[in-house]
Structure formats: structure tokens, C-alpha cells
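All chains should be modelled from the sequences, with the hints used to inform the complete structure.
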Amino acid sequence: MPIHEGFLSRLADILIYTILGLASAFAILPFIYVLVNSFSANETVFPTEFTLDAYRYILSTDKFIRSMGVSIYITVLGSVLSLVVTSFMAYALSNRKVPGRQPVLMLVLFTILFSGGMIPTYFVVRAVGMIDTYWALMIPGLLSGFYLIVMKDFFQNVPDELKEAAEIDGCHEVGIFFRVVLPLSLPAMAAFGLFYAVGLWNQYFSAIIYINDSNKWPVQVLLQQVVVQASGSIGDSASMGENVSFYGQSVRMAVIIVSTVPILCVYPFLQKHFAKGVLLGSVKG
Amino acid sequence: MKTGAIAVEKGTPGKAPFPSSSLRKRAWKARWYYVFMIPGILYFLIFKIAPMWGVLMSFQDYQPSLGMLKSDWVGFKHFERLFQSVDFWKLFRNTFLLAFYNLAIYFPITIVLALILNEVRHETYKRFVQTLVYIPHFLSWVVVAGITYLLMGSEGLINQAGQLIGQGRIDFLYSTDWFRPIIMLQIIWKDGGWGTIILLAALAGVNMSLYEAAKIDGASRMRMMWHITLPSIRSVIIILLILRLGNFMDLGFEQIYLMLNPLNREVGEVFDTYVFRVGIQQGQFSYSAAVGLFKSVIGLVLVWLANKLAKKFGEEGIY
Amino acid sequence: MVRTKLGKKRGQVSISILLAMTLIGSGCSSTNTPTTGGTTNDPPAPSTNTEQKPDVTEPEQPFKITMSLNFDGKDIPKPDNPVQKAIEEYTNTSLELQYTPGAQYQDKLSVLIASGDMPMVVASYGAPKQSYLLSAFKNDVFWDISPYIQEFPNLSKLNDTIFENVAYDGKVYGLPRERPIARNAFIYRADWLAKVGLEEPKTLEEFYTMLKAFKEQDPDGNGKDDTYGMSMGAIGGSGPEPQAYAVFMGAPNVWSVEDGSFVRDVFKPEYLEGLKFQKRLYDEQLIHPDFSIMDRPQMEGEFENSKAGVIYNTTNVALSYEARVMATVPDAKVSFFSILGTDKGEFVAGAMGSNGILMFPKTSVKTEDDLKRILTYFDQLADQEMADLLSWGIEGEHSKIVDGKYEMVDQEAFDNEVGFPYKWPMRAVDLEPIKTEGNVNPLLLKELEVTENNKNYVVNNPANPLISDTFTERGVELEQIIKDADVKFVMGRIDEAQWKKEMDKWWSSGGETIAKEYEAALAGG
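From first to last, the protein sequence lines are chains A, B and C.
Heads up: the first sequence begins at 68 in my numbering, then just goes up one per residue.
Heads up: the second sequence begins at 26 in my numbering, then just goes up one per residue.
Heads up: the third sequence begins at 526 in my numbering, then just goes up one per residue.
Hints are computed from structural coordinates only; laboratory data are not their basis.
Treat each hint with caution, since some may be false.
Quick list of in silico lysine-lysine cross-link-like pairs, DSSO-like style, CA-CA up to 30 Å [as the list claims (entries may be wrong)]:
1) A:K283 x C:K887
2) B:K95 x C:K727
3) B:K95 x C:K654
Pasting the structure below:
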């Protein structure tokens, strides 16, 4: 930290801290509203009654633990797979000396712009035998062209001197990737890992389409069912009897909490990789 | 801009470490890179390119029960229906404006927020703020819409407060004037923090010695931000911008759908909401595909133009 | 985890798999008869089966039926639960059920049809007459069951109107899941009504008086002006639609046939009157000023939180609303009515009369015999014993018998273990008249009474059984013109003349074609 600071700089600090403080407050208030209402008997800005019924109701489903496990499994394994494949390909594409790089990039861009749609993709997933398997939740979205191209850019920004230095030290392409590029790109890996993880965690539609066996449902599908039933928007099937009492509103709120908090917890662990100075250390070392 | 580590590699084409070798030789030298590429390329070929025949649905009356081979080919029928629709220009205008605001307002805000966050020197406070601002991303649009009603409804908090100070009721939710600002506010609130993540990752890679050198030269924080920080993440910003143009016409369907009502449909209906109601909900696959293809073609043109422009200014672009 | 232990465990697992495989293998080779087909994984035939149909002389292999069904419950039960076992035993079947959440069922259905990966029974659920379904009908993907219905004692009792409404080109490509033809109701707070000293309204004017009293006479007795008449959602969403009032006032139900030509209700003066009634409610703030943007949960929240005294929905959810209101107001009472009379008489709008259909793909149901066997299964579900199982669950677990009458002991367990997974998605015939009577909540009795009574006053939509290609393709787009204009009129953004102009726009941009197509369809059929 610098020792002497000008008045302007300090004023800027105050301004920055205030703006960010306000932004954080705005960001978190609605979440608190949701959280508070998940414990409340009726929806209101200032709830009075505290109840755990909504959470009890959600946890009373037999398959809750199981589907949570499914979601964690596909999120962890899926994002690792995605990161590995994306970073390998991004690394290869980041080297301008690779012949044929241009057409591959065009191909990737083409897949960002155009899409075949739901039914053709289903045919492919079926043809490779993934229907009703967890792979169907991880593989069809394995790679995002968007992330791939941005990651390629990150890799290109790793100074060439470092790569060349490693080459002189006797590293070949594979070694350079693992010893130089990857360690220097930890912030990027953390960011894209988070993106992939969130995408995998939130996926709902693909589970509906590809998974027939309800034992393999991820938690989002299960929770959506809970919401649908709790909100009573079920038309025909509604036959809730006299001795059922639950709170539609709070169940909806509790479902939001239950379905977001696990993935929210990932961020603080990744956050330390956004720390400054990664590059500095390695250049000197 | 020859200061940054980034700038160093800009000059590489001239260095040519494999001088005047034949293509085969160069390819052999790069063989390991091909190995690295294989899984990814296989993925794209199998899961992205192979289903691409679905695009042809737009020229058919695709019926799931008949399949691609037996469905009737109808040429440009669906495109004619789209272009001749009385609402076409309205849809185009609404989509274009919202997409443009998204790019011109939301995107710069994420950059500014990332830069501000980068200036926070108190590590704990920085982490605290970062964690909080990205939370809204995890609330669904349904929740966001619910909160908007709570705040901006006819009897919402803002109108209640307004009545206390003698203000008349404002019809935020029905007003054609307020529709776009509300949509933008929602996007900024929900994804403003989230959008900084990639930029912060890029900022984490900035060479710290540059700052130290600048500090010795007596540069102010503003100058450092302008001359060191921004240039270091310039290429990421440009890549993100170009890629966003590729999906320019894709707006958050759910968000807009939830905010639409008969009184603001005039400015609120966009291609995505239209195709949901008219195409997808009705199981009209071909029409939906045609609208999708139209949007993709616009994206293609924009990306092509943007990439060309970027190259003109000495950037690498995305291909 | 110690490595050796893991290895040992794995060894055990593989041995038990091997064992299981030989068991299955031997079981199959001894009992499998090639004629029944598709019974590779069947459990051994039940030996102590007392419910076998009398005409079966020797124990027949259970018939395997695979189904894809919409699911609106919370938990999907394990296949070996006692309820499913009881159904399988009675019907001598083995069921393999795939459930898809109701809201996404249509997406799944289109994929199923496209891929041809269809089980033997496929539900169609949600908006009927989707173009891809109609084309599947046209292409003979599913069995036409109309020639067989008469053979089945229970299924043949289904109302003709219900079959007509789901028919395509005179053929019935699926078994309708019956529901009351007119079941919409105004569900209201009976405790509030008593508080303001009124009787259940019989006419539209009395209804208006009731709503006004709910707003002005502080029905919740908290001394604050914080209640209003009715919670209603966006037109085209939760209703009541202007159509509902228009029908009360003597308008047709969407379409009427006059001298062979189709006339749309919006061109009838009664429709405008219905709209004006809604406008009156809006102007006097008897409905929420933001009604047009409220989604269902918000709108229901208004009723559940005792802000509004009336909500419009179907008769069968009244009990659930009561439970939810009682969560905060323990002594709340809820009741409902369907018909509001006017000087024109008493009418109520009729609907499809079914909650989607169960279809039988020809790719998986290969022979006529198999089809009949499956229809037998659905016919049996309306037998007395099955009706009781599906209505009362398992005695001692979900219900008990007191003085010869059933009584539900655990409604929630029943809903989760019987209602959502089996009763609602699978039963074709309404079980209410068949099941053994029980001591039930008066609201459930009223439900039967009201829906039964409604049959006498029902006005049907003559277009329900007909197909218009223009409507199939552009119906939603066109209806939006009417719905938007209706909301704008109710909220006072456009006047009568402007509203009429919008109706003319609807007519010229496709409404007329739809009317002509219905006309041709009616003449052709």
C-alpha cells in the first residue's frame, strides 16, 4: 500500500466506497426479502410470524437429497470436463502458428450464431446413447463457443517471453500449457469454471427432455415440481384436502433459497483467484 | 501502446519462429496443438454441427410425425409470413432498440463497475462487495418481476411514497415511456455485478510492475486507470463486444415476457416474445426456426462488420 | 476408504448382480410366453391373486404397459409401492410409468413424436389442437379408438360431447380424461359474506353488491380500508374473461352458428355489456388496479392473504384455497358458485370436458389386441374397486371406514401417493359418481352439486369440435388483438368506438377466414 495519498485520491476512495456500498445494498435487499419471506406465513415486506413450514415441506420430498446429489455430481464433474476441454482447445487456438486455426475459429463462431434447435439435438443425444443418463446433462453443453473464444484471448495475453523462456528450459507445448499458461490463467479458469458450474446447476429444460427416469432428476426439476404443486396452479389435479395447510408464497421463496444457496457458496471459494498480482510473481520468479 | 505485456505479443507475426517451412512441416510442428483441439472439435462436430440440419426446418412445414425427409418443402413461406406480418417493423424496432440499449448502457456499466471494484484497496471490503453484487444474478426473472411490481405497481412502494409527498400516481408498468428504462434497470440490477466477473479475471492478469513504474513517475490514479488498466483489458472488451453482437437480437425472453402487458405491448413485444407465443407455444417448429434463422443472419452480419472494424483498428478480432 | 475393503465390496456387488441375472434369466425362460410379448422384466405372476377376473381361467401373464404421463405432484412414488401394486394386481398388468412435469409436457411430447420413442400410452396435455398433433393424427401415428369404445362398459359411458370435442376428422385419437364440462366458479369468502350480512349472490347485480360490500364494509374487521372485491388476473390468463359475463348476459360461448355461418361473440351486444361490467368493477376499484399484469401466484396471493374476497377458478380448488386462507385466518370459510343470472336467464359457459387425452402410438401398440388390452386397463380403472382405491387410497393408510362410510385420514399422503401419480394422469372416466360414498368436506359435495347443476345451463362453443387451419396457425396471434383491446377498454385507455375498430381489425386480419373455415368444417362434418 502506498504511504502518502493525495486529497483527491482519498476523496475518490470515499466516493468509490459509497457507490459500492449502495450498489451492494440494492443488490442484497431483494434477496433478504426472499429469505425473510421464506420463513414467513404470508408474503409481506415486514413479516411477523416465523415458521419453518416451507422448508419442512420441501425437505419432505423423498427425492430431495438424491436430486441434490445428482445436481452436485453433474455440476462438479460437468464443469471440470468443460474446463478441461475448453482450455485445451483455447490453448491450441491461442497459438497463431497453428495451421488451420482460422477455419476452426470460423466453425466455432458459426455454432455461436446458428443453432439446429431442440429436436435435431435430441436425435444426436439419442444416437450417442445418452438418453436417460447423466451424460445428457453434461455433454450436450460441454463447450461454449463464447467462453472458448474469450478464453483463447486470455491465453493470448500471457506474455510470449514466458512461453519462450519455458521453451528454452526444454518444455514442449504440453509442458508450456501446464507449467506456464494454466497457472497464469487461474483467474480466467475460476471465472469460466463458475460460468459453467452455474449453467450446469441451473439446467432444467435439458433434464426434462433427456431424462425419463425421475430418479435422475436434478434438484431444479424437483424444486420446480414443489413450486407448481404448492402454488396450486395445477388446475385439474388440485385436490388439496382440509388437513393440508401450507403457505404457497413461502414455499416459493424457500425454493428460491434452496436452489440458489448451494451454487452461491461456490463463489467465495473461487474469489481468491481473482486476486491481483498473479502475473507479477511469476514474471519475477 | 507499447507498455503492457499485452502489447508485446501484438508484434509476433513478424517473428515467425518457423521460418519458410512448408505447410506440412508447420502442421507437424503444431501436432500437439491438434491433439489439444481434438476433443473440442469432436464436440462441435457432433453436438453443434450435426444437428444443424434443423436450420432447414425454416424452409419446410416441419412435422415431428413426418420427420425431415417427409415434411413438405415450402421455400420462403415462413419468412414471407414474418416479413409481411403487420407487426414486423414494430418487432424489429423494439428488438433493435432494446438490444442497442443493452449494448450501449449495460455493457459499459459492467466495465465501469469492474474498474471501480479494481480500485478498492481494502481487500475484505472488495470481496464483500463483489459477493453481494453478483447475488441478484441467481434470482430468477420471475422474482425480479415480482420485486418490480412491489416497487413500481399502482400501489407499489414508489407510488405510495409519491402519494405521501403529494405526487400523482405514475403508471410505470403500463407506460410505453417507462418500459425500456424498466427493462434496462432490471438488467443492470440483475446482471451488472455478474458481468464484471470476466473483466475482473482479465484485470487480475494486469502486470503490477506497470503500476509501480507509473507510480514512481507520479501518475494519478485516473491516469493509471486510463493508461494501464483499460488498455490491458481492451482486447477482452472488444472480444466480448463482438461476441455480443453475434447474439444481438437475442434478448432475455423471460424477462420481457413477464413485463409485457396489453398497454405496453406496442413497445415491448420483441422477436423472442413473439415467437414464443406464436411459434413455440403453438408447436410451430418451422416458423420458430425461420424467426431464429432471421435473427442469426442479422447476428452474422453484425459480427462480420464488427470483426472487420476491429481489424482495421489493429485488433485481432475473433477470427 | 481402505482400498482392500472397496475391492471386496465390489466383488460382492458383482456376485450379487450375477446371481440376480441368473435368477431373472431362469425366471424368464420358465414363464415367458412369446405371445404376450414385452414381458422381459416382469415379476413372477402373483400366486395369491384373489381379484382375478372370473373369465380368466388360467393365470395370464401380467400385461406390460409403458406410459408417458404429465405429472403435477411433488414426489414421484417408487414403482413398487402398494398403490401401484394394487392397480397392477387388479388389472393384471405391470406398469412402467415415465412422468414429465406438466408445464413442460408439451415440449417433451413433440420430441417424443419426432423421435418415435413413444411408450404405449402417451398423454396429450395442455392446449389442444396444436398443429403438430393434428398432423400426427392425420398421419395415423396414433390409433383411432372410436370403433372400440362401445366394447368397454365404463369407457362407453363417457359423454358424446367429450368425444366430439377431442375428435379429429370424425376419429378419436385418444381417450379423454373426463372433467366437468362447466366447472369455473367464483370462489368467495363465506365468512366475509356473513360479516357484511349478504346471501350468496344469484344474479350479476347481487354479485356486484357483494363485491362492493367487500370493499367498503371492512369485511375482515381490522378497521382499515384494505380489502377489495375480487382478485382477477390478466384477461387471457386467469379470468374471469369478459366471455364469462357475456355468457351470463346471453351471449354465445365464443362462437354461435346462425343460419350456418359462424358469428363471433365480440360482435354481439352482450359481449360489450360484459366488458362494461368489468370496466365498472375496475372503475370502482372492486378489482385490483394492476389486474392486467398479475400472474397467477400474485393473484392467488391476494385472495390467500385476505385482501380480496373473491377469486375465479375451478370448483375443485376451492378446498385448497380454504386451507391456504386458513393458514393466516383460522376461522375463514370459503364457498363458491358458478352461475349468475341476468334478465336473459341462466347460462354458463362450457369447456372441452376433458383434461387432455391419452393416445396410443401405433409404433408401440402393434396389434388391435394390444390396444384392446390397454383399453381394458383404463376401463378397469373405473370399476368399483379401482374407483375406491383411486378415490380413497388404501384403507388404514389414507382413509378409514366409519359406519360404512369412507373418511380421509391423510389427504396429503393421498394426494402424493395416489392422486397426483395415478388418479389424475390415468383415469379416463370421472370416478366421483362411481366411488363409494364417504364423509367429506361439504365443499367437495358442493363441487359435485354445482358441476352437476351446471350441465343444465351450459352453453357450448360450437367451434370446439371443429378444426380451422388459420386458427391452428395464427389463432394465438389473432386472439391477442381481442384480449389487448379488452384490457385497454376496461382500463379506460380506449373508448367503445376504438374497441370496435380493433374487433374489425381482428375480423379482417384473419377472423373472417377462421369463421369461414369453421363453417366449411361444420358443413363437411
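Each hint, compared with the structure:
1. A:K283 x C:K887: holds (29 Å)
2. B:K95 x C:K727: Violated: B:K95 and C:K727 sit about 57 Å apart, past 30 Å.
3. B:K95 x C:K654: Answer holds: B:K95 to C:K654 is near 21 Å, not above 30 Å.
Of the hints listed earlier, the one the structure fails to meet is number 2.
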